[in-house]
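Asker: Once you have looked at the hints, place chain S on chain A.
These protein sequence lines map, in sequence, to chains A and S. In this text, residue positions in the first sequence follow the UniProt record's numbering: the first is 1, and each later residue adds one. In this text, residue positions in the second sequence follow the UniProt record's numbering: the first is 1, and each later residue adds one.
It is worth saying that the hints were derived from the structure and are not from the lab. It cannot be assumed that every hint is accurate.
One copy or two, it doesn't matter: identical chains are merged, so the pair holds either way.
[Claimed, not checked] Heads up, simulated DSS-like pairs for lysine-lysine below, C-alpha to C-alpha not over 30 Å straight-line: (1) Lys161 - Lys173; (2) Lys227 - Lys173; (3) Lys161 - Lys4; (4) Lys67 - Lys4; (5) Lys67 - Lys173.
Model, not experiment: these values are computed from the prediction.
2 protein chains.
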Amino acid sequence: MTGKLIGVGLGPGDPDLMTLKAARAIGTASVIAYPALPGTESFARRIAADLIAPGVHEIVIEVPMTKHREPAQAAYDLGAERIAEALDTGQDVAVLCEGDPFFYGSFMYLFARLADRYDCDVIPGITSVSAASAALGQPLVARNDTLAVLAGPMDSDELAKRIEAAQAVAILKVGRHAGRIRDVLTALGLVDQARYIERATLAEQRILPLADAPDPAPYFSMILVAKGSDPWL
Amino acid sequence: MTGKLIGVGLGPGDPDLMTLKAARAIGTASVIAYPALPGTESFARRIAADLIAPGVHEIVIEVPMTKHREPAQAAYDLGAERIAEALDTGQDVAVLCEGDPFFYGSFMYLFARLADRYDCDVIPGITSVSAASAALGQPLVARNDTLAVLAGPMDSDELAKRIEAAQAVAILKVGRHAGRIRDVLTALGLVDQARYIERATLAEQRILPLADAPDPAPYFSMILVAKGSDPWL
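For reference, chain A alone in the conformation it holds in the complex:
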């Protein structure tokens, strides 16, 4: 009997926003795995730290952040091999994943390498989008409205078209595209309805009107746009 691969969604950062199921999966795991930037503390491990039992076997997957994908792919290849070794001994492996594993989550890189060979379970997590709208105290999407989740690197014309077509917009991975995205929203007359959120639910959380957002912004930042006034009344 091989073990089970468990993708554990940790939510946006506040450990209190883990689900009961995730907390139990971490607390009872004998093997955990998580990604880390080389030489730095893993953000995923930091979220889960208080729940990890002493003596647990920890598989650290050091993923370099590079322009080319090959070094990251090689890191996930190696991580998947080490996880497979643990699964082959019959132990379950809980893979810690920020946010939701299947919503831009790093877990997908391991899932793609292992799910055809091993039993797999995914525990969904609170997304950064839900966390950000709660932190803003601003309803995101209601009734029959449309939400577009976009990524910062998208071309400006395409971005403008999609922002116009949706009632609510979440732009993730803002990073070095912050200024350009602000220009797009300004041209659309929407800059006052857009808010900038950095590291939602963490102690370092920052919320700013988009006009005051840093450029470049950190990678883990987001812009939310809610159009239409009180459509839920």
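Answerer: Same frame as chain A, but now just chain S:
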């Protein structure tokens, strides 16, 4: 001192998918409020049932499901009044909300009526979209891909345009539009990549290839489309 209004996201249905923060908010509340269809058990209360302490004051908001919005608006007006009475005595009120309060959540109707007068806190929840992709065991959105969240009543041409433009699509509130949505996806050559999910994470959960989905479908059903093969590798 008036009390605090707390919108508590309960997640998709499995009580284990509540967050630690939500569970604590419910367990320590002296007043809870929740919507119910007249004459039926509240789905929100059912999710939270094991955590509700005996003797808690419960405000039931009976919301009729009608074509016109006025009866529902009147129900939320009345519910907001009763919640305000409790807040005015200095008690916090935890409002139970399926899924995520700001993601198509009923809580927004109360928030719109009370947030300008009372302190308010929102605890985000696992969305039905995250729950469904976990239940399917199918990654939803990766890298710089785009996710479109759409509602079933959308016009077919518009639906087709948006499905084509996104890498991942979640169509909520499928209900009586199931057959028409299937036709749209068939015309786009995407019917085999689309999955139908009903009541994700509950004992009654059903997952079907879209071709076998019921028409009409229940209101709480969803269609997920993931295009592109292994874009995360």
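Asker: Can you name, in rising order, the numbers of the hints this structure does not satisfy?
Answerer: 3, 4
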